[in-house]
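Enquirer: Take the sequences, apply the hints, and build the full model.
There are 2 protein chains.
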Amino acid sequence: MEDNELGLVDEYWAAANYLTVAQIYLQDNALLREPLRPEHIKPRLLGHWGTSPGLSLVYVHLNRLIRRTGADVVYVAGPGHGGPALVANVYLEGTYSEIYPRISRDEQGLHRLVRQFSTPGGVPSHVSVPTPGSIHEGGELGYALVHATGAAMDHPDLVVACVIGDGEAETGPLEAAWKAPFFLNPTRDGAVLPVLHLNGYKISGPTVLGRRDDEEVLALLAAHGWAPTLVAGSEPTAVHRELADALDHAHREIRRIQTEAGEHGVRQRPRWPAIVLRTPKGWTGPRAVDGVPVEGTFRAHQVPLGGVRDNPEHLAMLEEWLRSYHPHRLFDQTGRLRPALAALAPEGDKRMGASPYANGGRLLVALDIPALDAYALPVPTPGRLRRETTRPLGELLRDLYRHTDSTANFRLFCPDETNSNRLGAVFEATDRCLIAPAREGDEHVSPDGRVMEVLSEHLCQGWLEGYLLTGRHGLFATYEAFAMVSASMAIQHTKWLEHVRDLPWRAPVSSLNVLLTSTCWRNDHNGFSHQGPGLIDTMLSLSGTVVRIYLPPDANTLLVVADHCLRSRDYVNLIVVDKQSHLQYLDLPSARAHAEAGASIWPWAGTERPVEPTDPGSTDPPDVVLACVGDVPTQETLAAAAILRAHVPYLRVRVVNVVDLMSLALPEVHPHGMTHENFERLFTHDGQVVVAWHGYARAFHQLLHGRNEPSRFHVRGFSEQGTTTTPFDMVVLNEVSRYHLVLEALRRAGRVPEGGNRLADHCRQMLARHHAHIREHFEDMPEVRDWVWPYA
Amino acid sequence: MEDNELGLVDEYWAAANYLTVAQIYLQDNALLREPLRPEHIKPRLLGHWGTSPGLSLVYVHLNRLIRRTGADVVYVAGPGHGGPALVANVYLEGTYSEIYPRISRDEQGLHRLVRQFSTPGGVPSHVSVPTPGSIHEGGELGYALVHATGAAMDHPDLVVACVIGDGEAETGPLEAAWKAPFFLNPTRDGAVLPVLHLNGYKISGPTVLGRRDDEEVLALLAAHGWAPTLVAGSEPTAVHRELADALDHAHREIRRIQTEAGEHGVRQRPRWPAIVLRTPKGWTGPRAVDGVPVEGTFRAHQVPLGGVRDNPEHLAMLEEWLRSYHPHRLFDQTGRLRPALAALAPEGDKRMGASPYANGGRLLVALDIPALDAYALPVPTPGRLRRETTRPLGELLRDLYRHTDSTANFRLFCPDETNSNRLGAVFEATDRCLIAPAREGDEHVSPDGRVMEVLSEHLCQGWLEGYLLTGRHGLFATYEAFAMVSASMAIQHTKWLEHVRDLPWRAPVSSLNVLLTSTCWRNDHNGFSHQGPGLIDTMLSLSGTVVRIYLPPDANTLLVVADHCLRSRDYVNLIVVDKQSHLQYLDLPSARAHAEAGASIWPWAGTERPVEPTDPGSTDPPDVVLACVGDVPTQETLAAAAILRAHVPYLRVRVVNVVDLMSLALPEVHPHGMTHENFERLFTHDGQVVVAWHGYARAFHQLLHGRNEPSRFHVRGFSEQGTTTTPFDMVVLNEVSRYHLVLEALRRAGRVPEGGNRLADHCRQMLARHHAHIREHFEDMPEVRDWVWPYA
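Sequence order for the protein chains is A and B.
Here the first sequence is numbered in full-length UniProt numbering, starting from 1 and rising by one per residue.
Here the second sequence is numbered in full-length UniProt numbering, starting from 1 and rising by one per residue.
Don't read these hints as lab results, they were simulated from the structure.
You may find that some hints are simply not true.
[To be verified] Okay, the calculated bits of chain A under chain B, using three or more residues with CB under 8 Å as the criterion:
1. 122-129
2. 174-187
3. 196-210
4. 480-492
5. 530-537
Backbone N, C-alpha and C define an ideal beta-carbon position, used for all residues, glycine too.
Expert: Below, the structure written as C-alpha cells:
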C-alpha cells in the first residue's frame with residue numbers, strides 16, 4: 001500500500017472511530033464546532049467501544065479491497081455489540097442516508113445520527129435489523145460464522161467476511177462452524193473469509209484465545225482446515241500495511257481456489273484463507289482513566305469514560321479523545337465526509353451496506369414448486385392406508401432439487417437423519433455435501449451434493465438462516481426433541497423477523513421452515529431423552545405476527561402445509577409430524593380444504609347425525625366433542641370415536657381435527673386466529689371438549705385463553721412420561737390412549753348413553769390387560785419394572 | 001502386554017460383545033444352549049450395534065488400567081446409544097447384579113438381562129440413569145466432554161475417561177469442551193482423558209473427522225492443547241496392544257503432570273494426554289449382509305441383521321455371529337463369567353459401575369451455608385431503599401467459597417458476567433480460573449481461581465452438571481435471555497432427575513441452580529436480542545416433581561430463596577431476578593415468611609381495611625386484587641397501588657406478591673401447589689385479579705388451569721416488545737406500567753370509585769406524556785421512530 005493511500009485509509013478509519021465515539025457520548029455538538037460542555041453529553045451512556053475500532057478497521061480495509069477487485073462482499077459482525085461502528089461505516093459510505101434520508105450526509109444528519117444511537121425511540125446499540133448490510137444480530141453470540149457460511153452457499157461470486165470476536169470464539173456454535181471448509185464447494189459456492197479478531201478480553205476477564213500464543217491460534221485454525229495469516233500490532237501504520245496485504249492475499253487465494261476448482265473440479269479440500277487480527281481492545285481510546293489502564297484491557301469493553309457529565313476531567317479527556325481524530329480534517333464545512341475520503345468507499349451495490357446479498361429479498365427467486373398431485377397418496381377411505389407420512393414430502397423435495405438445478409436456490413438441512421426421517425428420495429436428485437475424497441461404499445456423498453447433513457442442529461439451522469437471509473429457500477428437518485438444541489437460534493431469528501416487518505426497505509425473505517419429525521410419541525425406540533415436544537412451547541410465546549405452527553395429521557395434509565410454508569415469506573413455520581408409518585385420512589382435495597380452514601369437523605369420524613358439514617349448527621349440539629391435534633393423537637381420537645360408535649351409537653360425538661395450531665388463538669393474538677363464531681361452530685358454545693394434543697397439555701391451555709369457558713376443554717397431551725417401549729405403551733403412559741379418551745368422553749358427555757357403563761368397564765379392562773401384559777413381562781423384576789411404571 | 005493377558009482381555013471383550021448382541025436380539029436361549037430359533041428373537045429389534053464394540057473395548061482396557069494402577073476412573077459414554085455395551089460391562093464386573101439382584105450372575109440373570117433390554121417395561125436402549133456408573137445420558141449428543149470436565153474439577157484423584165463418537169464430535173458443545181485444559185488445574189483437579197472414537201459414520205452418512213487423515217485429527221486435538229496418541233486398526237491383537245500402551249502412557253502422563261504441578265505449582269498449561277481410537281463401525285459384526293458390506297460402514301449403525309425372525313439366512317448369520325464369540329468358553333455351566341475373566345475386572349468401588357464418583361450423592365458433603373443475617377439488607381420500611389438486588393447474594397457466595405476452602409465442593413459458573421451480575425464479591429475470596437500465564441493488569445485471574453467464567457452457556461451449565469452429579473454444589477448465573485442457549489441441557493438434566501427419583505440406589509445430589517439475571521425488563525441497554533424470558537416457559541412444561549421456579553422481588557427474598565435452593569436435592573431451581581438497582585421491600589424475617597408461604601398478601605401495600613393478615617377472609621372482599629410476580633412487575637404494582645391509594649382511597653385493593661411460581665399450580669400438578677382454599681384466601685373465590693407478571697403472559701395462564709374462573713385473572717407480562725430504551729419505556733411498551741395497571745384495576749374493580757374517572761384520565765395523560773416525550777425526541781425522524789413505536 002502506498003503512503004498516500006495508507007494515509008487516506010487511516011483517516012477514513014479515524015472518521016469511523018470518531019463517529020463511533022460521538023454516537024456513544026454526544027447528543028449535540030456532533031462535530032465539535034464548540035468546546036465540549038456537559039449538556040452535549042447524553043444523559044445515559046450506552047454502547048460497546050472495545051470492539052468497535054477493530055470492526056471499523058476491517059470495514060475500511062474491505063472497502064479498499066472491494067474497490068480494487070470489484071468483489072461482492074458481505075460483512076458479518078460477530079461482535080454485534082459494536083453497533084455504532086457499523087452504523088458509522090454505512091453512514092460514511094452513504095448507504096445509511098439513502099435508506100434513512102433524515103440521517104443526511106451533512107451536519108444536521110450527523111447530529112441526528114449521534115443523537116439517535118441507543119436512545120429511547122432511536123436505534124438499538126447492536127448491529128441488527130435496522131443496520132443496512134447486516135444479516136446477523138450479534139447480540140446472542142455464537143452464530144456469526146455459521147450465518148456467514150450459509151450466506152456463501154450457492155453464491156459463487158460472494159465473499160462473506162466474518163469478524164469473530166475472541167469472546168464469541170469460546171462458544172460451542174462458533175467452534176462447530178469452523179468446519180465450513182468441509183461443506184463449501186469452490187465450484188459453486190462463495191467464500192467465507194473469517195477474521196478472528198482477538199483483543200484479549202470479554203466483559204471483565206481474559207479469553208482463552210486471547211491468552212494463547214500466535215502460533216497456537218494459527219495452528220488451531222489450520223487444524224480446522226484453514227490457511228490463516230496473522231496481523232498483529234498496536235501501531236496503526238504497520239497494522240494497516242499488514243492487513244491490506246493479508247486481505248489482498250486472501251482475495252487472491254480465494255480466486256485461485258475457485259478458478260482451479262472451476263477448471264479441474266474439486267480435487268481436494270481447499271485451504272481457504274483466514275485472518276487472525278490481534279489489536280488492542282478499545283484501540284485509539286483513552287490509554288488510562290483515573291490512573292488505571294484502559295486501552296488494551298477489559299475496561300475498554302463498554303464506555304471507557306463513565307463520568308463525563310459530572311467530572312470535568314473526564315469531559316476534557318473525552319474532548320481530547322474526540323479531537324485526536326481531527327474531525328475538522330475529516331468532515332467539510334457542511335458536515336460531509338471530505339471527497340478524497342468518501343472516494344475510498346465502493347459505489348452503489350458494491351457498498352457493503354447496500355449489498356443486495358445482505359437484503360436477500362432483493363435476490364429472491366420464488367421456488368418453482370411442482371403440483372402436489374404427483375406426490376399425494378390415494379386415500380379413498382379415511383384411516384385404512386398406512387404410510388410413512390414424511391415419505392411423499394421427500395419426493396416433493398427431490399423434485400424441488402431438480403427444479404432448482406439452474407437457480408440453485410433450495411437446500412435441505414438435516415443433522416444426519418435425511419434417510420431416517422424418510423426424506424431419502426432427495427438422494428435421487430442430489431447427494432450429501434462433503435468436501436472429502438470419496439470412499440468405497442459411499443452412498444450419495446460428494447462435494448457436489450446439496451443436501452446438508454452435519455450432526456449439529458446449530459450448524460443446520462444457522463446455515464439455513466444465512467441461506468434464507470441472502471435470498472434463498474430451504475427446510476431444516478430435525479428430531480423434534482433435539483430442535484431444542486437450537487431453540488435460542490429460532491428465538492433470535494423470530495426476533496429478527498419481528499423487526500423486519502417494520503422496515504419496508506428490507507425485502508421479504510423466505511420463511512424459516514422447521515420440520516420436527518421423529519416426535520415424542522414415536523421415539524419409543526430411542527427413549528426418554530428423545531421425547532420432548534418443547535419447541536412448540538418456546539415458539540408459542542413469541543410474536544404471533546411471525547410464528548406459525550402446523551400439525552398435519554397425515555401425508556397429504558403435510559404436502560399442502562409444506563407447499564404453503566415454502567411459498568411464505570418472513571415467517572417461522574414449525575411443522576410437527578412423525579416419520580413412522582401412520583394411518584392416512586385425507587385425499588389431496590380434502591387435505592387442501594382442511595389446511596385452508598386450519599381446523600375442521602371430520603363428519604365421517606363422528607356420530608353426530610344428521611350432520612350438515614356446511615352448517616353443523618343446524619343439528620343438535622353434540623354430547624361431546626373429541627378434538628385432536630397431531631398424528632398420533634388423531635389416530636387415538638379416531639379409534640376412540642370408532643369405539644364409541646360401535647358401543648354407544650346413540651352418543652352424539654363430534655370429531656374436530658386441528659392442523660393449524662394458531663387457528664385456535666384469538667384473532668387479536670394471531671392473524672390465523674378464529675373468530676369466536678367460527679371457534680364455537682367447531683367446539684360449540686359451552687359443550688364439553690376432550691382434546692388429544694400432541695404436546696405438553698399446558699401449552700394447549702395457553703391457546704384457549706379468552707374463549708368461552710376454557711375449563712370445558714379437557715386436554716390430554718404429552719405429560720413427560722416416556723422410555724424405550726411400544727408406541728401404544730407411550731399413549732397409555734401419557735393417558736392419551738383411545739381407552740383414556742373414551743373414558744373421558746363418557747365422563748364428560750352430557751348424558752350417559754345406554755351401554756356407557758359397560759363400555760367404560762371394557763376400556764378399563766383393556767388398559768388393565770395392557771398393564772398386566774407389561775407387568776407380566778417383568779413380574780420377577782420389580783426394580784426394573786418400577787422405574788418406568790407409574791401405576792402403583 | 002503379555003500374550004496371556006492379551007488373550008484374556010480379548011476374551012473379556014468378546015464376552016461384552018456377546019452380551020451386547022444378545023441384548024439386541026434375544027429374548028430366550030441367551031447362552032445358545034440350543035440352536036437359535038425364531039422364537040428366541042425379540043419381536044422388535046432395537047439398539048445401536050455400531051458404536052458398541054468400541055465402547056466395550058475401551059471399558060475392558062480401562063478395567064485393566066484400574067487393576068494395574070488403582071486409579072479411580074469414571075466412564076463417560078458419549079455415544080450413549082451404545083447402551084447395551086455399557087450394561088454388558090457393568091453386568092460382567094458384577095455391579096449390575098448388586099444393584100438389580102434379579103439380574104443375577106447366572107444363567108437366569110443372564111436370561112433376564114437380555115430380555116429386559118429395550119423392551120416395554122424394561123431398560124432403555126441408552127446409557128442413562130438406570131445404568132450403574134453413568135453420569136451422562138448420551139441421547140442428546142454434545143455434552144460428554146463438558147460433563148467429564150465438570151466431574152474432574154476438585155476431584156484430584158479422579159480420571160474421567162470420556163469416549164466421544166465422531167458424530168458427537170461435530171456438535172458445537174463438544175467442540176467448545178475441547179478447551180478443558182485451560183480450566184483444569186493439575187494441583188487440585190482430576191484429569192479428563194478423552195478417547196475420540198472414530199468409526200467414520202453417523203446414521204447414514206460419513207463424519208467430518210471420520211474422513212480426515214490421522215495427522216489432521218491429531219493436529220486438531222494438539223491445537224486444542226492436548227497431547228493425543230493414535231490407536232488405529234481392525235486387527236484386534238494389534239489394537240489391544242496399542243490401546244493398552246496408549247492407556248498406560250496416558251495414565252503415566254497424567255500422574256507426571258499432577259506430581260510436577262504438586263511440587264512446583266502450575267508453571268505452564270499441561271498438555272494432557274488424549275487418545276484417538278480408529279476402529280471399524282460394528283467391529284466383529286457381520287462383514288456383509290445380503291451382499292452389501294456392513295462392518296465398517298454406516299449400515300452397522302443400528303441392527304445389522306434386520307430380518308432374523310423371518311429370514312432363515314439372517315437367523316443363521318446371527319447364530320454364527322453370536323457363536324463367533326464362543327460363549328461357552330466365556331461363561332461356565334451356571335452362566336457365570338469364567339473366574340479367569342472375572343478376575344480382570346477391578347474390585348469393589350474401583351469398578352467403574354460402582355464408583356462413588358458416578359453416584360455423586362454418596363460423596364455429597366452438605367454445604368456449610370452461613371447464617372443469612374450478615375448479608376441481609378436493613379429494610380425498616382418497604383419500598384424506600386434502592387439496591388442492586390443480586391449484590392448481597394454475591395457476598396453470600398463469597399463466604400460460601402471461604403467456608404468450602406477445605407471441602408472444595410462449591411463453584412460458581414458464569415459466562416463472563418460475574419461482575420456484571422453484581423456477584424463480584426466472590427473475587428474477594430477467589431479468582432477466575434484460567435490456566436494461562438498471568439499478565440500485567442489482570443484482575444482476579446489465576447489457575448487457582450475457582451470461579452468458572454467462559455463465554456459459553458453450554459460449558460458453564462455442562463461443567464456444573466458434571467460437578468453436581470459427582471457430588472458437589474454450585475450455581476450457574478446467566479443472562480436470562482441467553483439461558484435459552486443451553487435450554488435443551490436443562491431439559492435433559494431435568495429428565496435425568498425425573499428418573500433418579502425412581503431409583504433409590506442413586507443417592508440424592510445437589511440441585512441444578514440457575515440464576516437468571518439481567519432480565520428482559522432491564523436489558524434496556526442491550527436491546528431486543530437480550531430480552532427473552534423463555535426459559536420459564538420451557539421449564540414449566542417439565543415434570544413438577546423436579547422443577548422449581550422462584551421470582552424473588554428483592555434482595556432479602558433472594559437470599560432466602562438461594563439458601564433454600566443450595567440446600568435442596570435433585571431439583572432444577574430457576575431463580576429469576578434482575579441485577580440492577582431496585583427497590584427493596586422485605587426485611588429478612590418477612591422475606592423468610594414470604595418465601596416459605598410462596599405467595600402472600602402484602603397488607604401494607606393494599607387499601608383493604610380493616611386488614612387481618614392472618615385471616616384476610618374476615619374482611620370484606622377487595623374490589624380488585626393486584627398480583628405481582630418478579631421484581632419489576634412488583635415495583636409497578638406497588639406504584640399502581642400507591643396511586644390508587646392516593647387518588648381513590650375508598651377502593652379496596654389487595655396486593656399479592658408471588659415468589660414461588662409453582663405455588664400457583666394445583667397441588668396435584670406440583671408439590672408446591674396451593675390448595676384451592678389457600679389460593680382463594682389470596683386471590684378470592686371469584687374476584688377480579690390484575691396480574692403483573694415477569695414473563696410471557698401465556699405462560700402464566702397455564703398455571704391457572706383448574707382454578708375457579710381463570711378468566712377473572714387479567715395477566716400482563718412481557719409481550720415481546722423491546723429495544724434499546726429506558727427501563728420505564730420497557731414497561732410502557734409491554735403495557736405493564738403502573739398506569740396500565742391502574743387503568744386495568746379501575747376497569748376490573750367491582751365498582752367505580754369516586755374519582756376513578758379522574759384518575760383514569762390522569763393515567764392516560766401520563767402515558768401520553770411519555771409517548772410524546774419519545775415522539776418529540778425524534779419528531780423529525782419517523783423512519784427511526786416508527787420501527788420501535790407500536791402506537792399509531
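Enquirer: Look at each hint and say if it fits the structure.
Expert: Quick rundown of the hints versus the structure:
no., hint, verdict
1, 122-129, "holds (count 6)"
2, 174-187, "holds (count 7)"
3, 196-210, "holds (count 7)"
4, 480-492, "holds (count 8)"
5, 530-537, "holds (count 4)"
Hint violations for this structure: none, all hints satisfied.
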